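**Student:** Chains as they are written, first to last, in the numbering used here: chain A, 787 to 1133; chain B, 787 to 1133; chain C, 787 to 1133; chain D, 787 to 1133.
Worth flagging that the hints you see were computed from the coordinates, not collected in a lab.
Copies of the same chain look alike in the list, so a pair counts if it works inside one copy or between any two.
With a straight-line cut-off of 25 Å between C-alpha atoms, the simulated DSS-like cross-links for lysine-lysine are:
| id | residue 1 | residue 2 |
| --- | --- | --- |
| 1 | K1076 | K828 |
| 2 | K1040 | K999 |
| 3 | K957 | K1040 |
| 4 | K999 | K1076 |
| 5 | K1052 | K957 |
| 6 | K1052 | K999 |
| 7 | K839 | K1052 |
| 8 | K839 | K828 |
| 9 | K791 | K839 |
| 10 | K1040 | K1052 |
| 11 | K828 | K791 |
| 12 | K929 | K791 |
| 13 | K978 | K999 |
Predicted model only: the values in this text are computed from it and were never measured.
Number of protein chains: 4
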Amino acid sequence: MNRIKTAIVGASGYTGIELLRLLLGHPGVELVAVTSRQEAGKSLGSVFPRFQKAAGSELSFIEPDPDAIAATGAQAAFLALPHGVAAEIARALLARGLRVIDLSADFRLHDAAVYEEFYGHAHPATDLLGDAVYGLPEVRAEKIRTANLVASPGCYPTSIMLPLLPLLREKLIDPATIVANSMSGVSGAGRKADLSLLFCECNESTRAYGVPKHRHLSEIEQELSIAAGETVVVSFIPHLIPVNSGIVTTTTAKLRSGVTPESIGKALENAYSTQPFVRLLGRGGCADSKNVTRTNFIDIGWQTDPRTGRVILMSAEDNLGKGAGGQAVQSFNLMFGLSETDGLQNF
Amino acid sequence: MNRIKTAIVGASGYTGIELLRLLLGHPGVELVAVTSRQEAGKSLGSVFPRFQKAAGSELSFIEPDPDAIAATGAQAAFLALPHGVAAEIARALLARGLRVIDLSADFRLHDAAVYEEFYGHAHPATDLLGDAVYGLPEVRAEKIRTANLVASPGCYPTSIMLPLLPLLREKLIDPATIVANSMSGVSGAGRKADLSLLFCECNESTRAYGVPKHRHLSEIEQELSIAAGETVVVSFIPHLIPVNSGIVTTTTAKLRSGVTPESIGKALENAYSTQPFVRLLGRGGCADSKNVTRTNFIDIGWQTDPRTGRVILMSAEDNLGKGAGGQAVQSFNLMFGLSETDGLQNF
Amino acid sequence: MNRIKTAIVGASGYTGIELLRLLLGHPGVELVAVTSRQEAGKSLGSVFPRFQKAAGSELSFIEPDPDAIAATGAQAAFLALPHGVAAEIARALLARGLRVIDLSADFRLHDAAVYEEFYGHAHPATDLLGDAVYGLPEVRAEKIRTANLVASPGCYPTSIMLPLLPLLREKLIDPATIVANSMSGVSGAGRKADLSLLFCECNESTRAYGVPKHRHLSEIEQELSIAAGETVVVSFIPHLIPVNSGIVTTTTAKLRSGVTPESIGKALENAYSTQPFVRLLGRGGCADSKNVTRTNFIDIGWQTDPRTGRVILMSAEDNLGKGAGGQAVQSFNLMFGLSETDGLQNF
Amino acid sequence: MNRIKTAIVGASGYTGIELLRLLLGHPGVELVAVTSRQEAGKSLGSVFPRFQKAAGSELSFIEPDPDAIAATGAQAAFLALPHGVAAEIARALLARGLRVIDLSADFRLHDAAVYEEFYGHAHPATDLLGDAVYGLPEVRAEKIRTANLVASPGCYPTSIMLPLLPLLREKLIDPATIVANSMSGVSGAGRKADLSLLFCECNESTRAYGVPKHRHLSEIEQELSIAAGETVVVSFIPHLIPVNSGIVTTTTAKLRSGVTPESIGKALENAYSTQPFVRLLGRGGCADSKNVTRTNFIDIGWQTDPRTGRVILMSAEDNLGKGAGGQAVQSFNLMFGLSETDGLQNF
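Next comes chain A alone, as it looks inside the complex (with noise of 0.2 Å):
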């Protein structure tokens, strides 16, 4: 088979650091370019430890130069880089034929207004918009297959959409009742010297963050009002929690008069069945993070609760996994015709 030449724009922080370990190991990459400003002249298994002896880890670091990065003949490219920032590569990329899954927040958004709204700056890049596919695989895989541009979705919002789109699409569920409350692993905030993210700051800490208006809750919205056929809200409070990674969130809703509990576990089913990645649990099932980490499964468990009127759905995902690199990585494998679940067999 010929190997897919590879590009990983921003690849030293965690979500970069993801992705080297899962397209390393992955069947039908050729890694080509990685790079890192600070790191650039390196090679990747001295600046990783971890990765030393891997096929490939010999490769250097180099500038996140688009020229550069073109002239490896890479095909593809995932961007790890920050909001804002991420844009002006991808259109660069793009102008020279690669195709582009973008870890960035700056494609989720269909509405540039939204994105303004909540990331505090323009759009970089308007015009690219309509081009780009919110990269969902398990909701919209044959637009990803033929997709330029890739926006691979937050961390925070995986794990909140999955479970719930199929019970909005269905009309299972009151979309104004919507609360999500995510717990995450401390990865999730970056690999940055900042004091906050101490080992001490962390370890036998939690706290809930960015309340009341995270800015995933813009993609998160986005989706969830497509899927309803209506506008909806939604009410999302993030945690850190010490570990590593991982994510779980629990998320209630006020089911509609009439809908019964085998209703919300047949959508459930319905929808993700077939689907390689997601691991249904069943009622009463509650995700445990430890079952997710370092693989691109979510799994999802709900209850219902006839006191309260209310769904439960409890997910766990990796939050560099499925969150972030896997995702990606399972995006691409649809965008290039290899089978969903290359690289990412991993347990």
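Guided by the hints, dock chains B, C and D onto chain A, whose structure is given.
**Tutor:** Below, chains B, C and D alone, put in the same frame as chain A:
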């Protein structure tokens, strides 16, 4: 000052250990009896090396025999026993003239039928229910002062009720919309040799459990209903996170029409500004469990969300402190006319 | 390629789970039998949610019956059983034509008297000791290739022996001065419902244990003595630290007179530069367990101290990987003519 | 009782925070000044939410100006500053009549040349070296009582020296064979925004560092040499482990010929049985850091190994407690004629 002769019945679980820690350092307490079936005959310091060289650590564990306990001259007894077991020993100790602070669920509910519904067996001492005071000092200090039997609240309930009670009393929120998500340290699950509580099963893991009808709902709803003046039914989802101790609870509810953010802050201030163990973090304050571990404090922050019309209440306490042992000592201080903060001035 | 039909006997402990993880993803393996007395009848995916949706996870646990295992057509069996128990089933499987990789201590020692001294009971199968090969692939690959019974080394011994063996062979250090201190993750203590292994007993804790005569000393000294050509007796102090897996070992020894730092580096290079799973970090390299978790690598760094005349050897491995399951698979690969790195290419 | 007016200079690092915690609760202390360049002007309670509602938490941070500190009437100052910086402020405060407990390395070494060798710059105040007392209360209580300048020992040194000193004094071990391995919590590395100290870089990780010549060797060897009556050079290998605080040190040394195990126990008993903060665990006692965290205790266990002729010393302390803030307060108590255990009676 004459020290109060005090017993701890069931002193080898995590709550019992916390009571030991607090009472060994309490200036108004003389520990005269500690019981543990499996450790009977051994000294406190030999069973728990942490307490070696503490004044009082030479005391030996005895069997939980009411006569033996009474014979030590004990005036007060803390019970850290499983529900169903505590009632019997409480009765025996009350009969012998001791005042009892029970940390089990046996005397928390006014209604024996609710007890049976949630705990799965008939209430073991219905005749005593009328004498018991639910020991939330911020709400019921006067009754606690004169009580002979205090039912100290559960860990989750304390963290859920304290932020909600003033808002319900002042009718600022819609009681039908309350959703509480809690994250608890593993000590909350008890000190028992259970595979699911092993280090490697809890570390790098988080998960919901006990949905949809955790036992603590019974006391939560009892107290919320009293405050609201109507029957309140809530959603409560507990989660286990990998810390030794600490609970963070995030509660959302719809604001009643016309309620301003300011009125939330004012209601909390009115209720708690003079309370020694409630720390109000104000609007936008996200309570962090690391600030309360090993103390009797509960930190409460809040935010309102104009997009959804909900208030977000964020509280943090130590499940072994304000959620168990600390709060029990706070009630004890009231019962015996001590300063409410005696023995709880640690940071 | 014909996949090797393979059994795991004792697949519900942490080593068994790691073998499951590795063999479910091994391209040259068809898992045909997994045994567990307590899980017999249940499918692999239902017992271990992590493996759900893995190809092979529908396999059901069976009782550890040799005939039933042989009836599956298994050509190879990994034994992850307690010492004393493994020998009997090894004999039965060998008699049925399977090749056996035993991860217990039963066949690691050449001398049954040493076994009895360290394990406290008579050796259960002295007649088989002559057939067993101590499975350290970096030292004994040729014998492993043709062995029918491989005794896979212990976790601590691997991390201690690999750095020391070349230095002893080349007589660079004084064998009488060897002191090894190891820090191990809690999974090394096994998956058993024991109070001392609870999350709250291990988290925020570290301690030595098993001094002065841990069982692993027997195999360590056996192999070091072979390399040194003389009887070697060492100090070994294991410690438990709050991580799931990973061992770091720091070993000091006096350099023989006239030995230069360069000769240390050269001895390690000569021994391991072509080995796929040994990564030499060079002089001053401090091995970090986080770089080897979930891999079969052992990282080795070293430093000399002119002030004391000692060499400091620092090694890191995953106690479940190179220290147990990974190394056993590495031996399996050699035994069955596969590439040594098959199924172990994860990072 | 008149409380001693006390200042903490450099109160925003982990050692400073521990001093705050101890002194806010110390019955003989009135905290009159706390300094921090970056927090100047803010109240203690607003910077550290943990201390809110503590009596004294309304105190505001000031700049570390000697005149301003002296103007508060402070009689004593604790310095929790980097080495090289502490000396100057110590001199200024001594000149203003304060007694100083310095927790940096600036006054720990008698020999300025050794300071320069280990710290890489000339000693900043050689004229004061003669006045400084190395503040190990178990060894030098009398000198501490009258000292105006106490150099409080480092965290690692305390855990290494206390077990060894009696054995060296009584010539029970061969000083040339001492090897100490320490495992320290991450707070020992300080509170600074450094990538290597992030949660995700330390969690699930352990590693040696600072070999072969950690700075603490200078004071360790100074004190061991005094006790031995000869120059002692030792191997010391520190390791970082994923706990907030706590140090466990394991030290091995050859017993001198004819030394019995009993004489080890007796030497430790003679030295420490009346010491309030040393807990002897006896032969076979393996010190566990979880028993000493947040206390001023050091636990010491030991074992002898007839196979190697070595003694194994195992000690545990809190690096912020007995290893830093607690021990400094213990010296302070001696200096000001208080009970040695005042303010340190927490468990």
